[in-house]
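Number of protein chains: 2
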Amino acid sequence: MRNAAIMGYGVVGSGVFELLRDSDVLVKKLGRHISVKKVLDLRSFPGDIVEPFLTHEPDEILNDDSITIVVETMGGLNPAYEYTKQALSSGKHVITSNKELVSVHGSELLSIANENNSRYLFEASVGGGIPIIRALKHTLLSEEVSQITGILNGTTNYILTQMYSLGLSFADTLRQAQELGFAEREPSSDIEGFDASRKLAILLSLCVNKQVNYSRIPTEGISQLTYADFICASKYGSVIKLIGRGDIKDGVIEAIVAPFLVQSGASILAEVGDVYNAITITSSMSDDNTFYGKGAGKLPTAGAIVGDIADILTGNLETVEWGADEAEMAEPTDAIYSWMVRATATKEKIHAAARGLLDDSYFFEPGIENQTSFVTLPLKHGDFLSLLTNLRSEGVTIENTLRIFADR
Amino acid sequence: MRNAAIMGYGVVGSGVFELLRDSDVLVKKLGRHISVKKVLDLRSFPGDIVEPFLTHEPDEILNDDSITIVVETMGGLNPAYEYTKQALSSGKHVITSNKELVSVHGSELLSIANENNSRYLFEASVGGGIPIIRALKHTLLSEEVSQITGILNGTTNYILTQMYSLGLSFADTLRQAQELGFAEREPSSDIEGFDASRKLAILLSLCVNKQVNYSRIPTEGISQLTYADFICASKYGSVIKLIGRGDIKDGVIEAIVAPFLVQSGASILAEVGDVYNAITITSSMSDDNTFYGKGAGKLPTAGAIVGDIADILTGNLETVEWGADEAEMAEPTDAIYSWMVRATATKEKIHAAARGLLDDSYFFEPGIENQTSFVTLPLKHGDFLSLLTNLRSEGVTIENTLRIFADR
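Sequence order for the protein chains is A and B.
Quick note: the first sequence uses our numbering, first residue 203, plus one each step.
Quick note: the second sequence uses our numbering, first residue 203, plus one each step.
Treat the hints as calculated values from the structure; they're not laboratory data.
Honestly, I wouldn't trust all of these hints.
One copy or two, it doesn't matter: identical chains are merged, so the pair holds either way.
Unchecked claim - As a list, the in silico DSS-like pairs of lysine-lysine whose alpha-carbon atoms are at most 25 Å apart:
| hint | residue 1 | residue 2 |
| --- | --- | --- |
| 1 | Lys500 | Lys240 |
| 2 | Lys230 | Lys412 |
| 3 | Lys231 | Lys412 |
| 4 | Lys451 | Lys231 |
| 5 | Lys451 | Lys230 |
| 6 | Lys231 | Lys339 |
| 7 | Lys339 | Lys451 |
| 8 | Lys230 | Lys339 |
Just so we're clear, the structure is a prediction, and the values are computed from it rather than from any experiment.
Assemble the whole structure, with the sequences as input and the hints as a guide.
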């Protein structure tokens with residue numbers, strides 16, 4: 203019999219509570235009962251099954267030696283950071299879904315865990331129920347990873363799928379997603395791409411064994427997209443996906459989170475719809491492996507936490523940490539992409555301004571009043587910005603610009 | 203320093219030899235050198251780098267106490283079965299890609315391994331470089347698995363993809379695949395579906411902790427398919443895929459390997475082309491997780507073997523076995539499917555013979571001389587056979603019949 207505590211009784215925390223309390227499967231499978239002794243939340247839940255376990259006082263968990271497993275599902279940096287440090291320092295295992303905390307303080311927290319022979323596990327922090335952390339750790343035992351690519355955020359993927367299939371505006375789709383519970387009331391960390399860049403930072407930190415600062419990953423969200431962008435993309439046989447991508451070469455990381463045109467047939471990522479996530483690990487021996495599943499949701503995420511608990515109970519765990527040094531990041535301006543540009547102008551004006559920089563195989567008029575879209579050759583960021591300046595000086599109005607996804 | 207031996211210097215065995223000999227990555231990652239001491243093969247390889255290590259004598263490996271890891275890449279039941287038993291009995295770890303041996307004698311070999319504190323690992327036996335065995339083992343630590351579904355054979359998926367995209371016959375496509383090395387000279391175990399049913403049997407054995415006899419899985423191959431089937435399928439928005447599927451309910455398995463119509467958008471499996479494999483695990487907490495990658499090939503499969511070696515070196519391994527009892531299999535005749543039937547007949551004749559059994563929303567004439575295709579309602583196998591008898595008695599010629607893939 204092990205005693206556990208849950209810090210944070212939100213969607214994921216309450217899911218873990220239910221799984222640990224009710225699951226005969228779990229008792230049968232794990233061979234022993236995990237008893238939830240305390241649940242921390244500042245709120246009260248009168249009448250809820252959690253009531254007898256609820257505390258508003260973190261010390262009732264942190265100072266209780268009979269509690270050996272702490273599930274941290276509070277989210278946010280503080281006070282989760284302090285609580286986690288305290289728990290790990292006193293030899294408790296901490297299991298978390300908190301991507302912000304792992305991405306910012308992962309190196310320190312893993313090191314505290316290892317010093318105290320405790321474990322800091324975070325499968326639930328990336329990809330919901332997709333076992334990506336476990337797969338990546340195992341790959342890294344014997345292989346070098348050269349690239350991580352994926353659709354890392356379910357909310358934005360749902361919004362993009364709906365915008366395209368229903369022809370709605372971004373604002374209307376977001377509102378609808380919020381009503382259905384697929385987007386939060388305060389959605390900016392999802393829609394501006396920061397949730398995805400935090401997850402990407404965690405995966406890349408594991409790969410290079412250094413701290414990857416998510417704020418140094420160039421990050422663009424999806425709020426500037428319009429239905430016209432999807433129409434243009436579809437004329438190139440493509441969909442628009444919010445892609446997180448990190449290329450690792452000689453220990454240097456080139457990373458980005460941004461909406462990309464993904465051509466159908468060029469990548470399985472083009473086929474990932476709704477709230478699904480998919481993450482591809484490219485490694486030296488195993489080639490590309492893609493992991494696809496629901497990237498969020500109460501049960502899958504809570505299940506990922508229970509999976510980490512199972513690892514602790516079976517003792518089946520290698521030590522994992524990454525160094526405190528900051529990883530070296532490539533200059534974002536050196537990154538080379540082809541772009542789709544949607545502009546209000548005639549073909550002739552565009553040709554005059556962009557001679558030699560256009561992919562002649564792609565040139566398209568979408569039938570939206572006076573607008574044209576075209577695709578550039580692969581360009582460094584500086585050259586692309588010069589092209590836009592040229593175009594503007596010819597009187598071309600740039601409506602939107604989107605990167606084209608390509609293998610490297 | 204650990205000594206390893208490789209039994210069978212074919213495509214996969216030679217890949218493992220190269221990885222273990224040449225990889226600086228491996229030494230750096232694993233922290234120690236794995237030295238290949240002996241390679242068993244009946245053939246000689248004059249001038250090949252393997253020559254100094256080659257032996258024709260299994261006892262030089264099996265009786266050498268300095269060899270603690272044996273990689274078995276011979277394939278086939280015998281003599282691999284005897285060699286594996288001997289190696290495990292003397293405490294050597296055995297790592298294999300041999301799906302036939304694992305599917306037939308897995309229970310016994312795992313039990314011998316556990317008695318001798320050795321390990322029998324077989325990640326490479328299913329899905330090439332896709333880490334499906336590892337993921338399934340972990341899922342089973344804390345969850346019940348209710349379904350395994352997948353495209354488990356790269357050769358047939360390549361042939362199906364090519365038949366459809368090039369409009370070729372089965373025989374021509376097979377010949378071309380053989381020339382390109384994507385199909386073996388003796389291709390029957392691939393094209394008749396037995397390779398897939400062996401892999402499915404291994405996955406299901408792990409799920410139910412009993413021996414699943416692959417010969418009891420109803421198995422149909424792809425050799426009877428024609429381009430007309432693909433044309434008809436495409437009119438229903440579907441592609442044809444060789445699907446292996448096992449549903450587990452109260453410990454009873456309903457399994458099948460057969461070509462199915464898979465509707466685009468209904469399952470990610472519809473998007474899996476060429477030599478790729480994809481396998482979905484449906485479990486009680488994590489929902490559906492799909493693992494997608496190259497299901498075969500020298501480097502991915504050899505990489506999966508090296509991944510198992512890494513697990514042995516890090517000691518990061520739970521004990522796995524499945525019981526010797528045979529798993530209970532559902533009666534194949536109880537399985538319920540909708541079918542697409544391609545027939546030579548008029549609509550009227552079909553309607554007369556099949557009243558009440560047709561899905562009225564689907565009825566289609568493919569434009570192939572006098573042929574019609576239609577989709578039935580979900581039917582038990584016996585009812586479907588009666589329908590075919592009725593149709594034949596009305597003078598309808600049945601050209602081909604294919605199951606429709608549906609979620610359960």
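To see whether the hints hold, each was checked on the structure:
| no. | hint | in the structure |
| --- | --- | --- |
| 1 | Lys500 <-> Lys240 | within (20 Å within a copy, 52 Å between copies) |
| 2 | Lys230 <-> Lys412 | between (39 Å within a copy, 17 Å between copies) |
| 3 | Lys231 <-> Lys412 | between (36 Å within a copy, 16 Å between copies) |
| 4 | Lys451 <-> Lys231 | between (42 Å within a copy, 17 Å between copies) |
| 5 | Lys451 <-> Lys230 | between (46 Å within a copy, 17 Å between copies) |
| 6 | Lys231 <-> Lys339 | both (24 Å within a copy, 12 Å between copies) |
| 7 | Lys339 <-> Lys451 | within (19 Å within a copy, 33 Å between copies) |
| 8 | Lys230 <-> Lys339 | between (27 Å within a copy, 15 Å between copies) |
The structure agrees with every numbered hint stated previously.
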